[in-house]
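Residue-level listing of the chains:
4 protein chains.
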Amino acid sequence: MQTEILERMESDVRTYSRSFPVVFTKAKGARLTAEDGREYIDFLAGAGTLNYGHNHPDLKQALVDYLMDDGVVHGLDMWTDAKRDYLETLEEVIFKPRGLNYKVHLPGPTGTNAVEAAIRLARVATGRHNIVSFTNGFHGVTMGALATTGNRKFREATGGIPTQGGAFMPFDGYMGDGIDTLAYFEKLLGDNSSGLDLPAAVIIETVQGEGGINPAGLDWLKRLETICRRHDILLIIDDIQAGCGRTGKFFSFEHADITPDIVTNSKSLSGFGLPFAHVLMRPELDKWKPGQYNGTFRGFGMAMVTGAAALKRFWSDDTLERDVQRKGRVVADRFQQLAAWLTDQGIESSERGRGLMRGLDVGTGDNADKISEEAFKRGLIIETSGHDGHVVKCLCPLTISDEDLLEGLDILDASTKAAFS
Amino acid sequence: MQTEILERMESDVRTYSRSFPVVFTKAKGARLTAEDGREYIDFLAGAGTLNYGHNHPDLKQALVDYLMDDGVVHGLDMWTDAKRDYLETLEEVIFKPRGLNYKVHLPGPTGTNAVEAAIRLARVATGRHNIVSFTNGFHGVTMGALATTGNRKFREATGGIPTQGGAFMPFDGYMGDGIDTLAYFEKLLGDNSSGLDLPAAVIIETVQGEGGINPAGLDWLKRLETICRRHDILLIIDDIQAGCGRTGKFFSFEHADITPDIVTNSKSLSGFGLPFAHVLMRPELDKWKPGQYNGTFRGFGMAMVTGAAALKRFWSDDTLERDVQRKGRVVADRFQQLAAWLTDQGIESSERGRGLMRGLDVGTGDNADKISEEAFKRGLIIETSGHDGHVVKCLCPLTISDEDLLEGLDILDASTKAAFS
Amino acid sequence: MQTEILERMESDVRTYSRSFPVVFTKAKGARLTAEDGREYIDFLAGAGTLNYGHNHPDLKQALVDYLMDDGVVHGLDMWTDAKRDYLETLEEVIFKPRGLNYKVHLPGPTGTNAVEAAIRLARVATGRHNIVSFTNGFHGVTMGALATTGNRKFREATGGIPTQGGAFMPFDGYMGDGIDTLAYFEKLLGDNSSGLDLPAAVIIETVQGEGGINPAGLDWLKRLETICRRHDILLIIDDIQAGCGRTGKFFSFEHADITPDIVTNSKSLSGFGLPFAHVLMRPELDKWKPGQYNGTFRGFGMAMVTGAAALKRFWSDDTLERDVQRKGRVVADRFQQLAAWLTDQGIESSERGRGLMRGLDVGTGDNADKISEEAFKRGLIIETSGHDGHVVKCLCPLTISDEDLLEGLDILDASTKAAFS
Amino acid sequence: MQTEILERMESDVRTYSRSFPVVFTKAKGARLTAEDGREYIDFLAGAGTLNYGHNHPDLKQALVDYLMDDGVVHGLDMWTDAKRDYLETLEEVIFKPRGLNYKVHLPGPTGTNAVEAAIRLARVATGRHNIVSFTNGFHGVTMGALATTGNRKFREATGGIPTQGGAFMPFDGYMGDGIDTLAYFEKLLGDNSSGLDLPAAVIIETVQGEGGINPAGLDWLKRLETICRRHDILLIIDDIQAGCGRTGKFFSFEHADITPDIVTNSKSLSGFGLPFAHVLMRPELDKWKPGQYNGTFRGFGMAMVTGAAALKRFWSDDTLERDVQRKGRVVADRFQQLAAWLTDQGIESSERGRGLMRGLDVGTGDNADKISEEAFKRGLIIETSGHDGHVVKCLCPLTISDEDLLEGLDILDASTKAAFS
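Residue numbers (the numbering used here), protein chains in the order written: chain A, 3 to 423; chain B, 3 to 423; chain C, 3 to 423; chain D, 3 to 423.
Treat each hint with caution, since some may be false.
Repeated chains share a single entry, so a pair holds when one copy, or any two copies, can fit it.
Stated by the list, open to error - Pairs of lysine-lysine residues, derived as DSSO-like cross-links and limited to a Cα-Cα distance of at most 30 Å, are as follows:
#1 LYS372 with LYS189
#2 LYS155 with LYS372
#3 LYS289 with LYS224
#4 LYS291 with LYS155
#5 LYS379 with LYS98
No wet-lab data here; the hints were simulated from the structure.
Whenever a hint applies, use it, and build me the whole structure from the sequences.
Shown next, in the form of structure tokens:
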């Protein structure tokens, strides 16, 4: 494979091409094909962007039809039939069955843009500046969002400028068993000299993705909602990675029976890997004046076409939900077996996750890298996450076939055993 | 047209659908078609995103081929043949003939993301925090970019948080005839108690878009480059709106014979309205460590396909350049005639711009709105810009046919006369 | 007493004159005299500024002699014999016996100025921006220091600007018995995505004053020093209120056998209530360039005269130290008795402190105010502190006579019983 | 002279002791005496702090009487007879004859503290964050005040943290003859995309001290007031250095017939070199809640005693005012002669100032240092200011005798000629 120009011309910031240094040319379902014809099973799936797999035929068809029909690809935030259809579908397929009532803000088509819009709206709506996020949380890297992202890798690359307007609280379980991290949050809130400015909002992933596949307890989330209500703090669920069915429900917060004030979505929202994002907000929070937040690619037409098609195709009934939950258990079982085997080898390991967002914690980033590298050699793309990169994570397409899923898991099993035998 | 759900569900932040309150269903070349079948000539063109028109057949074909072939739509920043082809084309078609040598950073696919990356890189590379931008400049609305964007509409919607790390200088001509705005900048630079922190970088649009189609003088730009070199300040040209041929050269800064340290591109970069952005940097400025700046949709596969196709199709020779310059003169002439007519009616008006980025300054936003509204009634989509919205701007596709161009200009002429007779 | 002009002309920001609404005209030792001739025992003592009482005759004599001799009252930071004598005395009387080696920075003569200088120096010396402070900590209200001060009263009076460059950790005991707050700090430090930027420094009061007379455990402080050393974080002890003998040692950190990298002093440093402050730093941390931090009243001549006299008078042997410890036990005993009595009345109360910095926690600010108001009626000036103002605090002069001390305690006893019987 | 301990123990931040490396032991009127008995005429006078000279006998007597009478030296912000007398005197002697009506905030006793309080109040009162200051302005170095101070020396010593909430405008004359700097300010204010956030306040010195003795034109100041009123921006006059008679009126703004919304005072306010500061505000701007801004040494008793004595002694009639104006002309004449002589020698020089705040601009800091060094050798203490330290400045006591004044000017004359002959 010819990679010289790629290595020479692309900035050193490139990262995934370091872990998987081949040139990919085709992608279909849960499989990527490299230029040399080798196929890889994809347990990364665009870091949660390809919940319905690569190039899903139904979505592709909708997209090609739209193109062939000269639909509006780019129209800023003008009205199009594609937007209308998307909003109608969102209301009918998603909101109504769940009893939700949100307005939709279409900012620039990236997650960080949605987060910037969400926290700015929370500030405008409350008149307060502080946004509470959580240890190991990731919400984007533009300067506004970065104030809520825990990773030093990004925080130390600002050229010395500190982020502003954010404060971090310990996530569920962060302080160890038996320590109630929400009790700490509540104490700070109720204490007039705690140093915690009364927050405009809390922003949280119900299952932390980049942070290491850390699921917050459902009771803990419910209590967090209660605390927010009591102190008049807005609750923002960042469902960019955990949403769109990844955890076994369309919105990850459905498991906890909570109703966020604001929701951010992106990644799998278009269903096809197209850049797309939105912010959902309780109607009375829509304090925006016309044009106060903009972006050239807001309301990307093609993404609304595939997004609507994906909602209709996968969310009109509970088939996918149940399938995700079933496959999630399959992955969990295999991860638990691997964790047990590793622990037997002296590598303290454990499994965690929700739905098909699952992690195998192998203690150190070095351990995880060994497994990931072995897996790639054997034809499986699987990445690591967590503060030390110590968690091997499965974000395979929700629509993966049982055959591919099992083959992938078998490869992971063999890779782990090869790495540590 | 059914618009109830659009008005009910979309956030009040929506803006273009207020100026053009119809539902668009088709787009081709320089024309948009509404649901009721009415066609509109498009002098807005995605605010400079559709330099090659809507759904250009060659680009569409490349895109559909890629899709039908199950190319990699979304692959984070992994290597693909689409990326390789894009980089090769960029080097062969654009860099080499211009004697340029840049590395390419593919951040999230929006302009503001590219600006955030560019200014962060400048800070890391210089160890300084201050980014100088200019009055009436627009460089995006995420918090980092917002520090360089002049518009109060956005700056006052942060919920009270001031931006940090930016300082504004007067743009060319801002202080009136005979006042050298760069002399002021130089004085501040050379003065140890001026209050101007020694900048990491200057970021500038060579022709300000949102600010009112304000072209900086070519000598002024050259002097700005000289000042930056003398003080070891990086020069960032934000070519997001003015680039990709809009001014009659691929890069807008070619006119001034300057070589920026860093360039930001987006909008028309994909050639098809697809979200795409990159940062170009002198190789020695590539101080990024792997993964220090990320984004889910970086290196969007489809955009690289159409982007490469557009470069090959339009930039392998100087046909388009010369055509843009010719059409630019046509628009300029008609705008000058309109300005003269308006001035005769007592409305002091003037024309300005470069290439096909042209403005008709009619003094007030109210005047400009009247013209724009009349034009829409007559089948022309044309927008306003400037600090008071007082500049009617032409950003028509560069590839517009002479017929459409003249029809559009005729409508504008009739609309202006209807508005002020 | 004539108070009309005071109420009319002084800003509503005034506070102590609301608690003690009389006009004072004389002060001597532990007693203040109001205009009507009434004497009050002073358990507030300038909020810890008058450790040697009001108008101590020896210090007054030194001051009057200096004045009569036309000594240099104000000389910016020029050299004077007064400064030389102060520095010599500081070295001989304080540093040498304790094995300390510090350089002395004389910033503006207030605590907040010393804190601003200390944290700025820590940033310059380490190249990092983050300063960790603790819940209920108070380190001043100018914008730099405010980033380390927990009180919402001040933090919410910035006109909406968030402070920058600070993060709060839970103080010793903050999370309840059995929860190790330093374990949490260490976990955050060792976690690359915790959201805690690696700190330049930690700033802490060994006994929190405004925060409610909260003494950090001595082992806890020692461990904090160890953690700082391990992570190359500077340890700043803010000894503005707890220093100058208040806790029974000249420096409050002597109890814990730690050696801070930087120390801030003010309040009782002049010994006479004169504005004075300094920053002590390990010599290798003195990264200041000439004039990089200034202030008109730095190195206030008269304060150095009384400051040197106080060091010679009170710190040449351990008489005062032992006396403070003895009196501290007297206060502690009486506070414990009061706490027990209050608890018997159903008002859960407790005593805490170190040396003559002691608090009686009576649960709520209302309770504490009742006691303080009754005490004032009976001739005792005593204030409250803590996040809810729920701690009655004793900061009486260290030199108070046993008679005055006991009379003050008797009044407090009677006031408490009057308030809650 | 023994200076080893001073050089060893004091931080490298020390500055004036580098220019005048002797140990001073006595001070009286306009003369300082070094340890070796040598007398120096003092044209620095505490950088404007000693307007009534060192150890003025009347003020000293008032102070010693207060001390001998055991007056309240330190009482936080409690009421004392000293405070009442100070406020009454301020009202009778200063406010009433000038038709002023201000409330008085007594913050910590330093200029920077007064500035922090003033700008915070402006933010709270307007709900806006931006404070406009001017090129070459100096308003203190704590982080809040630093946002309004132009000097890079301080701004670059923050450890990388940018200041926030400030913007700089060109001072009167900054852009050269014939360029109206207020026209630029007005244009930015009226332009919705200028990048200038609508300010809460403007803060300005009517004659810039540290910036190089730059007097703003009186018409220019009047127009600035008008612009502020028109845009509902508060006008803060920082009269810390230029106030207390320095320019020939008690308040420097009296010359321009303007009435600031807020005034900051310090330096010579106590009249004796004692730390003291206050903020004056229109009564309706007093938005402080009790205790929202504090400081241990606010309302320093001794300073109020000498401050009231100074007001009574010097401001009950216009004798001092007229005397300052007369002496100012004497200095101006001599400075103009020196400027002419220097210009003849090829060193382009000029004189400027107002009252006894006068500067001799000799082009470069090196030139100014040569003069200052020669003067010190000859027994005159005179300092430099300006962005390059290029202005020799006269801030001699207002009460200097004609003999001392002329002797000082003669030394300066001789020194200048020695330096450049």
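Evaluation of the provided hints:
no., hint, result
1, LYS372 with LYS189, "between (42 Å within a copy, 25 Å between copies)"
2, LYS155 with LYS372, "within (21 Å within a copy, 50 Å between copies)"
3, LYS289 with LYS224, "within (26 Å within a copy, 40 Å between copies)"
4, LYS291 with LYS155, "between (35 Å within a copy, 9 Å between copies)"
5, LYS379 with LYS98, "neither (46 Å within a copy, 37 Å between copies)"
Checked against the numbered hints given earlier, this structure breaks only hint 5.
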